[in-house]
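Listed in order, the protein sequences are those of chains A and B. Letter 647 of the first sequence, counting from 1, is numbered 647 in this note's numbering, and no numbers are missing. In this note's numbering, each residue's number is its place in the second sequence (first place is 1) plus 659.
One should not assume that every hint holds.
As the list claims (entries may be wrong) - Cut-off 25 Å, straight-line C-alpha distance, at most; resulting in silico cross-link-like pairs (SDA-like, lysine to any residue): (1) Lys242/A - Gly75/A; (2) Lys528/A - Gly442/A; (3) Lys27/A - Pro862/B; (4) Lys27/A - Leu730/B; (5) Lys421/A - Ala179/A; (6) Lys48/A - Tyr756/B; (7) Lys492/A - Ile590/A; (8) Lys27/A - Ala833/B; (9) Lys266/A - His622/A; (10) Lys848/B - Leu13/A; (11) Lys77/A - Ser628/A; (12) Lys961/B - Asn418/A; (13) Lys27/A - Ile808/B; (14) Lys47/A - Gly941/B; (15) Lys11/A - Phe850/B; (16) Lys11/A - Tyr954/B; (17) Lys411/A - Gln320/A; (18) Lys912/B - Gly75/A; (19) Lys432/A - Met357/A; (20) Lys431/A - Gly442/A; (21) Lys912/B - His622/A; (22) Lys478/A - Asn418/A; (23) Lys117/A - Ala143/A; (24) Lys209/A - Ile192/A; (25) Lys961/B - Phe31/A; (26) Lys266/A - Ser308/A; (27) Lys11/A - Ile797/B; (28) Lys47/A - Thr906/B.
Derived by calculation from the structure, the hints in this document are not laboratory data.
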Amino acid sequence: MFSSGRDSGYKKLSTVNRRMFIMTAAKLVIFGGIITRLFSLQINENKKYLTLSDKNRLREWRLPPVRGDFEDFFGNKIASNLKVYQLHVVPEQVEDFRYLMIRLRDILDLDSQTFKKILKKRSQQKSWETLIISENLSWDQFAKINFYLHELSGAKPVLSVARNYPYDEKFTHLLGYVAQASEKDLIENEVIKKSHVPGLRVGKIGLEKTYENQLIGSNGIQRYEVNAYGKRINQIDFVEGKKGTNIKLTVDTEIQAQCNELLKDKAGSICVMDIYTGELIAMHSSPSFDPNLFLYGISHDNWNEILSHPKKPLINRSIQGLYPPGSTIKPIVALSALENDVISTKFKVNCTGKTEMYGQTYHCWKDTGHGIVDLREALKVSCDTFFYEMSRRLGVDRLNLTAKKFGLGEKVFNGTYNEEKKGLIPSTQWKKNALGRGWVLGETLITGIGQGYMQTTPLQLCLMTAQLANGGFRIKPKIIYDKKSDSYEKIKSEMERNRIELLSDFQQDDALVDFSLEKKKGDTDLYKPLYRNQENIKFVLEAMFASTNEVRGTSYSSRIKDKKYQFAGKTGTSQVKKITEIQRELDLDISQIPYEERDHALYVAFGPYVNPRYALSVFVEHGGAGSSAAAPLAKKLFKTIIDRHEEREKIREKSLMEI
Amino acid sequence: MFKETALSGQTTFFQKLRSLDYILLVCILMLGVISSLAMYATDGGELLYHTKSHVLRFIIFFVMMFALSFLNIRFWHATGYLFYIIVLGLLVWASLYGITASGSQRWVDLHFINLQPSELMKIAIIVCFAKFYHRAQINQINNFKNLLIPMMILILPILLVVSQPDLGTSILIALSGIIVLWLAGINLKYFVYSGLFLLISLPFVISFLKPYQKLRILTFFNPDKDPLGAGYQIIQSKIAIGSGGLTGKGFLKGTQGYLEFLPEKHTDFIFTLFSEEHGFIGSLALLFIYGVIIYRVIDIGKNARSFFGKLFCFGFASSIFVFITVNMSMVLGLLPIVGSPLPIMSYGGSSMLATMIGFSIVMSAKIYQKQLIA
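For reference, chain A alone in the conformation it holds in the complex:
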């Protein structure tokens, strides 16, 4: 070893020194590589990684938007929001989900059905989706949860808002209702999709659905810094959501409430309308149901009860229910005949209780007959025989035109209600197209008394009456109150101007009004006359007055003597099925006929008779005779309507001052 000599030692040293030098050079290169990498990450790609880092740490929480309210004309809230306490759980953030659920079940005292439902919901959604354990904790439950919160990691008590319908079932059909947004809602409506949060309630039907985009509001946004496990560390900022637009309706809660009261335990509809502004004062369909039931997911029992109810509460009879108008159509038939110069007001028919035409017997409702009647009398006593003869002369097509002009067979609120139905005003052309058969003349006769193919909604009858009552001018029905819409005075003077204009045209040129033009129903026709000669309108209105306020008039027993409340109307009793000869002989009392076969009772009216302002239609499904089942309801209602008028005008003035 020691003899190795210096050579060997030097060689060893030089080798190690040389290799170390190479090594050092390599180190410098590698360090250079690391610095290059650092440079490329931190300098070149800094922006990209900065964005990624922010994406990592910042998370947004969207809060449920606060839905706009509905209020009536007087400012009463008919749909608003309540503060509710909810309990949310995000399964992903829970260590032991089963344990938490069992603890919650004990604390909240959940029944096994609810508990199973929650677990089922859990299995259907993703683990990062919020699971709503309870949407509406009682204050006791909420306090209890907060007390035990330290043991319930993952459970989040949340203060939220929920829709509330303080009038319960009173406005259900008019407003519609909200329920939890379904997948379909999200697909169909971008706005809902944009602001969706778990448990969001959206309109399912009615105005709640139609005005969804205005009502929904915008989400509040909480931006949090979160850690890698998604835990919120601190709030970075908070953007308050905007409440949805409040929508003011033209309806009057008090009248609506009375409509509810009047139709209690009955199936039917009442519509009330301002004959100039077209404002809907009330619209109720009975039976109704409590929309609050749908808020937290309707229970099976409740839903079944609604579904199996014999009177079908889900149908909005005012706009969805199609019924033969019966004798309530007679003012239009009379008007059509006069307008088309088919008869004069002097025209008389001898009613013997029945008439033979085209080999068939057509009966008047009064078996003994009305004797010799003229048009005024025929409207007053609702003589069918007179109308058979008159409509025979008029023909169904001319009747069709007049009826359509006055709003029958067309949607009243085009688009406001998805579920609204058009109804049907028959014509020869229609029958050929729809049924492929030619019109039979006998059908004209029964159409003339509002039977046969003819089907209208109660709201259409209300509009028809309104447009007669205002002197025969087109109005635009509305349910959403708009300050900027035309005032009563303006509308009246506009109508007067149009009346005079037509009068001068008429005098200049004796030609008939071009009916084809009047088929168009644009806003350009608004407040334009629907008649050719206003005398005809006046005649019909006067006959309706007689029908209510003169002895032997069909609704004489429902009259109000007080001029302030005095109204004029027309009854209607529409047959559900054809009356056989045997039944006619029997002349059964209503209580002896099975419910489904009983006649529908109808009544249309306007008032006060001098300077009328309001029109209404009453419909009682299988209620029997219009004179006994429908007209009395109108009598009760008119008192309220007229009494509320002053109040209403006061509010209107006030709101105009605010502009």
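Given the coordinates of chain A, work out where chain B should sit on it, guided by the hints.
Chain B only, in chain A's frame:
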């Protein structure tokens, strides 16, 4: 010990004190301060467990290093094999009775400290080789016997560490050992041969790897494939470093670390956190300090008269360099994730102890640079 010093007799204690390498000392102290601050940042700006224990360890081990520096270099030469054998014994003990944590049995309980012998082996292997080649003749280095013995010395601890299992540390031990072997003068062709052999046997080796180790290697080649799984660490680390930019997000303002997006931020990923908060400039400064340390160690080696001292310094400088580059390349996404701490910076007692022992041997080589070893 004192007797020995007295015998060699040329230097007084103050002269020794003066001949300490102060640049190196200052650099180590700076690393200590930087690492303590970084640890403070990982604790979210609070004086918590990691910071406290890191600071305490640094102080103890630094004092220890300072004291051991005055040991004559001959002591290290004399105890070279013993040191190796003790550490090897500890490794065996670890694999028999060691403490298991996160699926790997790599710690031994020494009551006052939980020691990770594999970390000490990184130094012990260098000491052992330095002693071996100190005696070896240059013309005998490449003969069969002198190839076989170092091979055994190297492979034995590697096998023990791999079986813990701890792939990262065993690779680092292998790398430091191989570098020392090469520096000592082993012919390059043997490295080429063994390299080829390894390449051929690689498929077999891979078949022995644990599934998570295979996954890590696969992930390295495509981290975006599974961003929330195995690639998570690399992606998050790159995001942290990249978002640091030129000057960093500021001390205690690194969001990635603070919000727990960084895995193992105290240990292997400490550089990520540091780089996020201090940016490119901070990272360069840190690299500069490491560079100076390596330069100083190499310089001391150059001036050491004993071959033992020289080879140890060169070997130690190279292995520190390897540890730094492997760690940084890993967090920068240049290498697969393997457990490898950043010397001094990373949290971990054994790693710091080993590094400090290394520094004390280097210091000793400086103080006794003229010392010849028989």
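Agreement of Lys432/A and Met357/A with the hint, judged by alpha carbon distance not exceeding 25 Å: Within the cut-off at roughly 23 Å; holds.
Lys411/A and Gln320/A were given as a pair; does the straight-line alpha-carbon distance stay at or below 25 Å? OK: Lys411/A and Gln320/A at ~10 Å, within 25 Å.
Given the hinted pair Lys11/A and Ile797/B, is their alpha-carbon gap at most 25 Å? holds, 7 Å
Compare the distance between the alpha carbons of Lys27/A and Leu730/B with 25 Å, and conclude whether the hinted pair is satisfied. violated, 30 Å
Hint consistency between Lys421/A and Ala179/A [alpha-carbon to alpha-carbon, up to 25 Å]: holds, 24 Å
Holds or violated: Lys912/B and Gly75/A, Cα atoms, limit 25 Å. violated, 53 Å
Could you grab the alpha-carbon distance between Lys266/A and His622/A and see if it respects the 25 Å cut-off? holds, 9 Å
Can the restraint linking Lys431/A and Gly442/A be considered satisfied, given a maximum Cα separation of 25 Å? holds, 14 Å
Under the criterion that the straight-line Cα-Cα distance not exceed 25 Å, is the pair Lys117/A, Ala143/A satisfied? holds, 24 Å
With the threshold set at 25 Å, check whether the alpha-carbon distance from Lys912/B to His622/A stays at or below it. violated, 78 Å
Are the Cα atoms of Lys48/A and Tyr756/B separated by 25 Å or less? violated, 48 Å
Does the alpha-carbon distance linking Lys27/A and Ala833/B stay inside the 25 Å limit? Roughly 18 Å separates the two Cα atoms, so the pair holds.
The earlier numbered hints that this structure contradicts are 2, 3, 4, 6, 7, 11, 12, 13, 18 and 21.
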